[in-house]
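Chains as they are written, first to last, in the numbering used here: chain X, 1 to 319; chain L, 1 to 319; chain F, 1 to 319; chain B, 1 to 319.
Since the hints were derived computationally from the structure, they do not count as laboratory data. Please note that the accuracy of each hint is not assured.
Stated by the list, open to error - Taking CB as the label site, the calculated pair distances span:
{"hint": "1", "chain 1": "X", "residue 1": "131", "chain 2": "B", "residue 2": "189", "range": "28 to 38 Å"}
{"hint": "2", "chain 1": "L", "residue 1": "93", "chain 2": "F", "residue 2": "289", "range": "37 to 47 Å"}
{"hint": "3", "chain 1": "L", "residue 1": "67", "chain 2": "B", "residue 2": "29", "range": "53 to 63 Å"}
Computed from a predicted model, the values in this text were never measured in an experiment. Positions of the beta carbon are idealized from the N, C-alpha and C atoms, including for glycine.
4 protein chains.
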Amino acid sequence: MTALDEPILDVGHLAHAELLTPAPAESLAFFVDILGMEQEASDGGSVYLRGFGDYERYCLKLTEAPAPGLGHIALRARSAAALERRASALERSGRGIGWIEGDVGHGAAYRFTDPDGRLFEVYHETERYQPPEHLVPAMLNQYQKRTGRGIGVRRLEHVNVTSPNVRACREFLERELGYRALEIIELDDGREYGAWLSVTVQGHELIYIHEGAADHGRLHHLAFWVDTREEVLGAADLFQDHGIFIEAGPAKHTPIHSFYLYVYEPGGNRIEITSGGHLLFDPDGAPTVWTQQQYSSSRAWGRGFPPSFDTYATPPTQA
Amino acid sequence: MTALDEPILDVGHLAHAELLTPAPAESLAFFVDILGMEQEASDGGSVYLRGFGDYERYCLKLTEAPAPGLGHIALRARSAAALERRASALERSGRGIGWIEGDVGHGAAYRFTDPDGRLFEVYHETERYQPPEHLVPAMLNQYQKRTGRGIGVRRLEHVNVTSPNVRACREFLERELGYRALEIIELDDGREYGAWLSVTVQGHELIYIHEGAADHGRLHHLAFWVDTREEVLGAADLFQDHGIFIEAGPAKHTPIHSFYLYVYEPGGNRIEITSGGHLLFDPDGAPTVWTQQQYSSSRAWGRGFPPSFDTYATPPTQA
Amino acid sequence: MTALDEPILDVGHLAHAELLTPAPAESLAFFVDILGMEQEASDGGSVYLRGFGDYERYCLKLTEAPAPGLGHIALRARSAAALERRASALERSGRGIGWIEGDVGHGAAYRFTDPDGRLFEVYHETERYQPPEHLVPAMLNQYQKRTGRGIGVRRLEHVNVTSPNVRACREFLERELGYRALEIIELDDGREYGAWLSVTVQGHELIYIHEGAADHGRLHHLAFWVDTREEVLGAADLFQDHGIFIEAGPAKHTPIHSFYLYVYEPGGNRIEITSGGHLLFDPDGAPTVWTQQQYSSSRAWGRGFPPSFDTYATPPTQA
Amino acid sequence: MTALDEPILDVGHLAHAELLTPAPAESLAFFVDILGMEQEASDGGSVYLRGFGDYERYCLKLTEAPAPGLGHIALRARSAAALERRASALERSGRGIGWIEGDVGHGAAYRFTDPDGRLFEVYHETERYQPPEHLVPAMLNQYQKRTGRGIGVRRLEHVNVTSPNVRACREFLERELGYRALEIIELDDGREYGAWLSVTVQGHELIYIHEGAADHGRLHHLAFWVDTREEVLGAADLFQDHGIFIEAGPAKHTPIHSFYLYVYEPGGNRIEITSGGHLLFDPDGAPTVWTQQQYSSSRAWGRGFPPSFDTYATPPTQA
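Only chain X is shown next, with the shape it has when bound in the complex (with noise of 0.2 Å):
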């Protein structure tokens, strides 16, 4: 085996998302009451909010905007050396955008698109979360206080978007940033319907689900965590006391076996909670390929989804 044969592990975790919303104040009061994040910082027209277990200030960043849908996706290197050199591959593959000086929480950041013209950046400098006095926790090795307000998510799992053209994204976050397909469902004309990627031993951390209609890809849904089957049971029953469209779920989710609930959030974007799962350790393995055929007969439990769940996404498209 040479070095060239060797994985690419510059890459250490996705850090944040910016989602978008055309009713911010609506937006922003699922994420704090019900989600039960905290607001970490606002600027602009954005506000910063964590889950209760983010070591860096924040997951999500929301912004105000004329539509729903994904600003952007954030990835946090390993290291400085690390950052260098993705942002030489990603500007020698010719979809590097940049340098930006930092935003809220982290510094210099590297901008890129994803073969969709999808905006990712990566970073390393950050800033660790300093918890205000209410917010101080009893023990040493936690991040922050749990507040008991709503849900009580820990944090961003995944992000989950909708492609023209699942397997050039696959290929190039792959090729690109080291993230490796743990499972890839093909479709029998050779298009590929789906591809669950990671850097690190959790199933997920980027989805790409195939959306034949776009000429380029949307936000599917934001993944946000908790730890129990259990939570995810009972923010079913908040979701339906608070009047929130509960979508599908909870239930098993045949990739990964993780457990989802989807909701849409006021500014229409799709809002996965989840919990459970299979950790994948195996550092070189093959992915499982599953084929149209393969993956119809043997979903998780027999179920499959409504049929918004192939259609909706952020910004919906014109009827």
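Mind docking chains L, F and B on chain X? Use the hints.
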């Protein structure tokens, strides 16, 4: 079998308990902010608090007092005729006090004491809860909306009191009120260490625990129900982060097998968060009677309690 | 209130059900290996099976038959006198059949039919379970050791049957046996779509669901209890890995809020694994009565059932 | 930042542990019948056992020996090149032993010892599990069918060993293998009481705990993973019913916040059933370093361990 052998089935269930606190504001904050109860009414030095699953207006009357402890225990009779029968029997027993006109949320009640002199009342007429606009639930068969605030206890599950004469109290409740003992622990000297009593298939509504030192019984704890053991585990995290002293648990009780977590509320009273345990359907089975040896040698998961569990009750005694 | 207004409290609980199967060996394997029940006795073409939490010897009588379906439903009376009273009332009702000497594990039983002609029996005298050496539990207040085999259901929780005349059946059970309806769904044409009935604080023991097509009612399902929703989720994994068809769930029921999972056992009968739900303590409250519109517009978590749930019952009708 | 400051990322994960037992038949029955593992192979005096979630053939090598304890710990390198790099570094460290040809299920391994003289090996080439017919799972992305037997552990999660020199061992693993310390407890005398180390985002794979009395380290415990805390609670019931001594738990650990249950297997080794805890995503954060005072004053849920937890390890020392 003659009619005399037939069970008395006049009491429907434990209805509410009155808790005394020398720190009314702090106790109220504990029950509202941490346990997630709603203040349904207030009157004089008392506030009336409910869990989200109470069909009556409240299950806890919190009353300012010089020392912590128990005010009274209230039971609801199955019917007006059942209430009359119990009032007559209690009067004949010599432990009757007499009728009161009622209290917030319920009608005429007959007051009496158990052999320890502890105050009880039994009533039938009640007001079923009507939620205000902001607490109207999503479904017709819910009493109240979930707020997502704090632990979110459903209801008062049982009252546990200490007694110098467990057997006398147990027999009084069996004879005059139709309570059934599900489990009894007998000391080697023939006295009873504990008795677990219920009028329903749930394993306990009233528990008497031996207390040698006192000349009359005190409050050991009030127990509030959550639907899952996971919520008990989550409650422990919330208590710790809010500086509430955790005395014991989360763990499994030996009698009834329920899952427990004990803390002290700011007024000094011990509060249990409980879930699980088994329902007991046998309508005429003998209670489980443990000898001291049997009980101590087969504790659930091999675990006992800290010393304070056997000595601390409210009001505290002078050392 | 006169004595006539007082509730009938003579029936203690649902005791067991007889299930008919055309595939006795495969059905037995399903209940023993997958559900984790114990074979307590066998007699003729029947085997008697128990959950680990049954105080009686069994909760399921599995009987070989040409077609799947329900054999009979057995109720246990609270006392010998209670049994006599119910037998007299049932005889007067015109639906009495008469006494049988008993069956494995219980004494004399009075047999009768509901308005659909469905066979019931009620008895009082019972044999309390004595575990063989290999099933002796660790604690005095357990009926049986946990084996760790399969799902490990605790007991039969309820029986759900289809009926062309739900209202007549509900009123018969209320009038003659003291069952209380906790929830009723009314169709716009005035007929009842479903009725949830119990003699205890648990929300259902007997459920009737409307079936227009048949001229007499059939079995919709038997439900077995596990202590946690997590065990229901785990059961779904086990069923899938063992090739058992999952029809619906895991999810939350609208009535009673219990958590469900429906599968078909090898004999063709629908079986539910259930947990959760709420206890209903109000001894004399009115049932929740849903209109069609109310029921369909506020389903728990917004979810309905697959079409087979409304059409499949046992024995299957000819297409 | 220079290349010297970059993290070593050559080790993929903890692969398996070899456990020594003087009671091989009883230990095997414990792991198969109670923990629900599968016997994948046997060779000489060893059997190789797997959890249902192992991608390799096994995670536990159980070997007959005169006394209980640890045989060796095996790590899997990310690539062939990574293995070469670690072998070279270990050789230079003076703690290298040399190559072995492999063992059941994996290829050439480089053996070495930690500063306590404890045997480790690191390898890359592995056989991915191929289930026999009766263990083929329902879905393509499962490694093995769930059997429904016993607890059903998914995999080996961590190895915890005692050491007279925690700091030296920690620094050796950091320097030569790229392990990161997530949490460290420092004694007031400057020595380290414990170190929690991992090469992935899961909080611990290897744990060293101070043992003053011994001249070289022993095995504190092996920990096996289940997916939910509810399964840990259920495991406690199963252990108690099967007469397995429960030493501590179920409860929450202070470091990493995982949920624990400790028992002794028939050979005398301590075994943990664990779930929960948090993932730690910060790729270059400083470890949490507790002083003695900080650690003892803010234990999770206020709970400590029984004295045996600090004194018992395998092989037991002479009293």
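Any hints this thing doesn't respect? Which numbers, in order? none
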